[in-house]
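*Asks:* So for the sequence shown, the working numbering puts the first residue at 1381; every next one is plus one.
No lab work stands behind these hints, which were simulated from the structure alone.
On a predicted model such as this, the values are computed, not experimentally measured, just so you know.
A portion of the hints provided could be inaccurate.
Claimed, not checked - Here are the simulated lysine to aspartate or glutamate pairs, EDC-like style, with alpha carbons at most 16 Å apart:
(1) Lys1384 with Glu1404
(2) Lys1445 with Glu1404
(3) Lys1383 with Glu1404
What the hints assert, rightly or not - Across the chosen pairs, the derived CB separations fall in these ranges:
(4) Thr1430 with Ala1382: 33 to 41 Å
(5) Ala1382 with Gly1426: 33 to 41 Å
(6) Gly1426 with Lys1384: 27 to 35 Å
(7) Ala1382 with Ser1427: 36 to 44 Å
(8) Gly1426 with Gln1446: 16 to 24 Å
(9) Gly1407 with Gly1429: 27 to 35 Å
(10) Lys1384 with Leu1412: 16 to 24 Å
Positions of the beta carbon are idealized from the N, C-alpha and C atoms, including for glycine.
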Amino acid sequence: MAKKQLRRSTNNRVIAGTIGGLGEYFGLSRLLINIIRVLIVLGVFGSWGTLFIVYVIASVLMTPKQA
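Kindly generate the complete structure, drawing on both the sequences and the hints.
*Replies:* Printed below as a string of structure tokens:
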């Protein structure tokens, strides 16, 4: 059995595929992942800038899924 790996999505993407990759990994919709992400980042850090920085870091750390 193949082990699931967290990777950026190549077909379920808007910008970098980070949110689509999270959705595919956890079996959730991209919309639900975005809502959770906004609530957590704004609730904990309270800044849109932090939300952007977290997204960029996740995009760099997650490798793209191989076709």
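*Asks:* Taking the hints in turn, state whether each one holds.
*Replies:* Verification of the supplied hints:
Of the pairs offered as hints, the one joining Lys1384 and Glu1404 holds, with about 10 Å between alpha carbons and a cut-off of 16 Å not exceeded. Note on Lys1445 and Glu1404: the hinted pairing holds, with a Cα-Cα distance of about 11 Å set against a maximum of 16 Å. Restraint check for Lys1383 and Glu1404: satisfied, since their Cα atoms lie roughly 14 Å apart, inside the 16 Å limit. A C-beta distance of roughly 34 Å is found between Thr1430 and Ala1382, which places it inside the suggested range of 33 to 41 Å.
Range check, Ala1382 to Gly1426: about 40 Å between beta-carbon atoms, so the 33 to 41 Å window is met. Distance hint check for Gly1426 and Lys1384: the Cβ-Cβ separation is about 32 Å, which falls inside the suggested range of 27 to 35 Å. Between Ala1382 and Ser1427 the Cβ separation comes to about 38 Å, which falls inside the hinted range of 36 to 44 Å. Checked against the hint of 16 to 24 Å, the C-beta distance between Gly1426 and Gln1446 comes to roughly 37 Å, which is inconsistent with it.
Taken as a hint, the range 27 to 35 Å holds for the pair Gly1407 and Gly1429, whose Cβ atoms sit roughly 30 Å apart. Between Lys1384 and Leu1412 the C-beta distance comes to about 18 Å, which sits within the given range of 16 to 24 Å.
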